[in-house]
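Chains as they are written, first to last, in the numbering used here: chain A, 214 to 748; chain B, 11 to 321.
The hints are simulated quantities; they were obtained by calculation from the structure and are not laboratory data.
Possibly wrong hints are sitting among the right ones.
Ranges of calculated distance between the beta carbons of each label pair, as one might list FRET restraints [to be verified]:
(1) Glu362(A) - Gly54(B): 29 to 37 angstroms
(2) Gly54(B) - Ser486(A): 25 to 33 angstroms
(3) Asp307(B) - Glu720(A): 51 to 59 angstroms
To list a few chain B residues with every Cβ distance to chain A over 12 angstroms, as calculated [unchecked claim]:
(4) Ile30
(5) Leu52
(6) Pro74
(7) Gly98
(8) Lys138
(9) Glu212
(10) Arg227
(11) Thr228
(12) Leu238
(13) Met251
(14) Leu309
(15) Asn311
For each residue, glycine too, the CB sits at the ideal point set by N, CA and C.
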Amino acid sequence: MRRRTFVKAMLAAPLCGLLAQGCSSLTDRAKRGRLTTAASSDMTTMDMAHNESVYWAQLNIFDRLFETRMVDDKATVINSLCANYSRSDDGLTYDFALREGVRFSNGDPLTSSDVRYSFSRLLTEAAVNTDIPLQIRGGKALMEKQAAELEGFRITDDTHFSIVLNAPNGGFIAQLSSAAMSIVNERVTREATNFGMDPAETIGSGPYYVAEWVPNDHFTLRYNEHYWGDEPTVKESVQRIIPDASTRDLMFRNGEIDLIDLSNIDTLIVQRSYKTEHADQIVYNQQVGMTYLALNETNEFLKDVRVRKAICMAIDVDDIVNNLMSGDAIRQNGIIPTGIWGHNENLGAAPFDPDGARALLAEAGYHDGDVSFELALSGDGPKLLYEAISNQLSKIGVDAHIRVYDKAAWLDKRRSGQIEAFLATWFMDYNDPANIMDVFFGGSKQVKNRSICYPDTDVMARISDAKSILDDEERREEYRRLERKLVVEDRAWIPLYEQARLFCRGERVERFTPFWAGYGDFYVKDVVLRKEAQT
Amino acid sequence: MSGSLVHNLVRRLAYAFISIVGVAALVFVLLRMVPGNPVATLLGEHADNETVERISSSLGLDQPLPVQFANYVLGALHGDFGESYTLGKPVSELIGPAFLNTLWLAIAAALVAWVVGIACGLLAAIRKGTVVDRLFMGFSLLGVSLPVFMVAMLLQYLFARYLHWLPVAGITDWTGYILPAIALGWGSAGSIARLVRSSVIEVLQQDYIDTARAKGRTNTQVLVLHALRNAMLPVITLMAMQFSGLLSGAVITETIFSINGIGRLSVQAIAGRDIPLLQGTTLLCTFVIVMGNLVADLLYNVCDPRVRKGA
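From just these sequences and the hints, can you work out the full model?
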């Protein structure tokens with residue numbers, strides 16, 4: 214009898230322990246003011262001089278002179294740390310006044326010197342995100358260590374400074390709103406031995422500071438009491454690193470995470486479960502970026518504009534948008550994506566006309582199977598899209614055979630201008646057409662770097678010069694003319710779609726506004742918790 | 011310690027050292043033979059050729075291969091395995107905590123495997139041919155046959171989603187180890203149970219078991235002191251090898267349950283072409299497996315006098 218009791222006690226003990234643990238976990242989860250989210254992978258560093266792909270930390274710990282925010286459903290550049298600014302008539306000099314009384318999370322005041330240090334540091338580190346500060350006079354000399362200071366950055370006093378550019382740039386203010394241009398604490402960063410990795414040494418003036426970072430496990434942000442803006446409802450944010458998509462899905466359903474990014478969740482689950490069971494909790498956000506087909510004009514077939522036109526006519530973009538993307542995408546007809554200043558809504562869609570495409574190929578002297586090229590797929594690329602495009606092209610007798618490359622090999626091959634054709638998506642960093650037009654077609658180096666190898670140097674020179682047009686209307690028109698030339702006349706770029714990013718709010722989240730460009734990263738302050746989850 | 015045992019140990023240690031050095035050299039060369047610049051993956055879409063070249067140079071990737079290897083070996087001898095490209099931290103700093111997580115998971119999974127496996131195997135052997143035998147062997151067959159990811163997902167749905175007893179994933183306290191340990195240990199438990207069963211059945215047919223019974227030993231004494239002890243020799247080898255396998259990382263389990271262990275770190279290193287991190291994790295796994303085999307051999311020496319005496 215005594216033995217039986219002992220056995221029962223032995224069995225009951227761990228069970229009670231588990232239940233107690235379960236209860237305490239529930240209490241933890243219900244912790245007030247906390248937002249728990251999950252990401253599939255961790256960031257490399259919080260340092261913008263060494264990271265240009267994950268902006269979670271940058272958006273939440275640091276501020277910039279300007280921010281791009283959604284205003285009346287339109288991405289708009291608004292003042293942030295900058296109280297006001299003026300531009301000289303020649304477009305070369307900008308005078309800035311900083312917002313008064315801004316402090317970093319450690320209590321230090323934010324001054325003009327911090328801004329200069331932040332911009333200069335991108336150049337002295339000479340790693341990534343150098344393109345914007347390089348436009349400042351003396352930027353190149355600083356990066357090449359021929360100068361000790363950034364010549365074009367002139368400080369008047371603690372809250373006033375001027376920036377002199379090498380050449381006028383109509384999109385400069387928009388560029389200053391990109392995450393790369395975050396402002397760091399000069400004093401702490403100069404003394405830091407591990408800036409970007411050690412939370413104590415990574416100080417910004419944003420709404421949150423980093424309370425804890427356990428790489429590959431979780432990242433905790435806590436409200437910065439010195440923050441100059443409105444107090445957010447989320448006082449603590451824990452981002453857990455959960456690589457497996459189905460585990461993230463299960464955690465959301467279990468209430469262990471409050472907000473889920475549905476982009477990597479199985480499409481069937483999203484369609485049949487989230488869009489039905491949680492329809493009113495879904496938050497749609499257009500990813501301001503372009504999925505496109507690039508054709509290398511050094512290829513013996515693809516250099517013929519008739520072949521490129523035929524390829525364009527053989528692709529049923531609407532079918533891809535409606536079926537492959539389940540309608541969660543917008544068809545694109547140009548280069549400047551929907552949501553970006555300068556986007557041309559009147560640029561007509563290329564007709565889907567397989568018979569016309571065959572006729573065009575025949576006119577160019579090609580018959581079934583004559584045109585053959587490699588569609589190079591990076592290991593992490595959109596395999597289904599490749600298969601759909603390859604299949605559609607086969608119907609007009611074009612053999613676009615898919616070859617899978619390791620990502621590093623794919624990038625190397627593309628940078629050397631050797632990929633024959635590929636599909637990719639370009640996400641915008643700032644709200645200006647230069648962020649895509651100039652990156653892809655701004656010069657011979659750019660077109661080779663992207664394996665497009667577009668040959669028209671006059672068009673490329675005009676694209677490069679368009680940045681310098683200071684009159685917004687004139688600049689927009691020039692970009693539109695160039696876009697029409699590239700897409701309609703030359704078929705140098707085959708636009709496909711702009712994808713939507715879907716999030717699902719948990720019960721504790723009342724409202725959520727995703728980042729304007731549709732990244733998975735967002736401003737935590739744009740999450741509004743329900744009252745009962747706040748206090 | 012007898013002379014033959016010492017001789018055996020020295021010989022095994024020498025082999026282990028050669029294996030580790032050989033694997034290190036092989037991994038170093040192979041990783042650099044694969045086409046594609048790892049910096050390209052690190053910097054992603056936005057970087058241009060100049061930036062890639064500048065960063066490659068700062069990481070020493072533009073140096074001749076022998077120079078890179080010499081630098082790596084010199085660093086490794088001082089405990090410096092380089093800095094991870096993707097996580098921006100010294101490899102040794104990343105591997106340490108990850109290995110600790112994997113170690114705890116391996117111990118928990120091994121406990122599940124050993125306790126369940128030995129108990130089921132023994133009971134099945136005693137009740138050979140009965141319902142109990144069939145039930146336990148069916149259970150062990152299921153463990154061996156079911157893929158880990160399926161077991162993991164079933165456990166998550168049952169204990170986390172519906173019963174709410176345990177967390178879905180992540181290690182915040184000891185309860186976080188329960189589901190991954192069961193998912194990972196079940197397969198090993200199945201193998202152990204089957205081996206224990208067949209070994210015990212074989213041993214129970216030996217003459218010395220009859221002798222023990224004739225001496226008046228109880229059934230339990232015969233089973234535990236004579237049958238199980240002798241039946242455990244092949245099981246110990248399997249257990250040691252399974253444990254070293256568990257220590258070298260359980261990629262699927264660690265990924266599904268979001269455990270920052272060696273397996274997940276290795277996969278991350280492969281995906282990001284993070285050469286220093288991949289070299290570090292591979293070297294560690296090699297070390298663990300080589301040492302696991304060494305320990306198994308030594309245990310064999312200790313447990314079986316015939317092996318010890320070189321019979």
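Against the structure, the hints:
no.	hint	result
1	Glu362(A) - Gly54(B): 29 to 37 angstroms	31 angstroms, holds
2	Gly54(B) - Ser486(A): 25 to 33 angstroms	32 angstroms, holds
3	Asp307(B) - Glu720(A): 51 to 59 angstroms	57 angstroms, holds
4	Ile30	26 angstroms, holds
5	Leu52	8 angstroms, violated
6	Pro74	19 angstroms, holds
7	Gly98	5 angstroms, violated
8	Lys138	26 angstroms, holds
9	Glu212	32 angstroms, holds
10	Arg227	23 angstroms, holds
11	Thr228	18 angstroms, holds
12	Leu238	22 angstroms, holds
13	Met251	27 angstroms, holds
14	Leu309	30 angstroms, holds
15	Asn311	36 angstroms, holds
Going down the numbered hints, you'll see the structure goes against 5 and 7, while the others check out.
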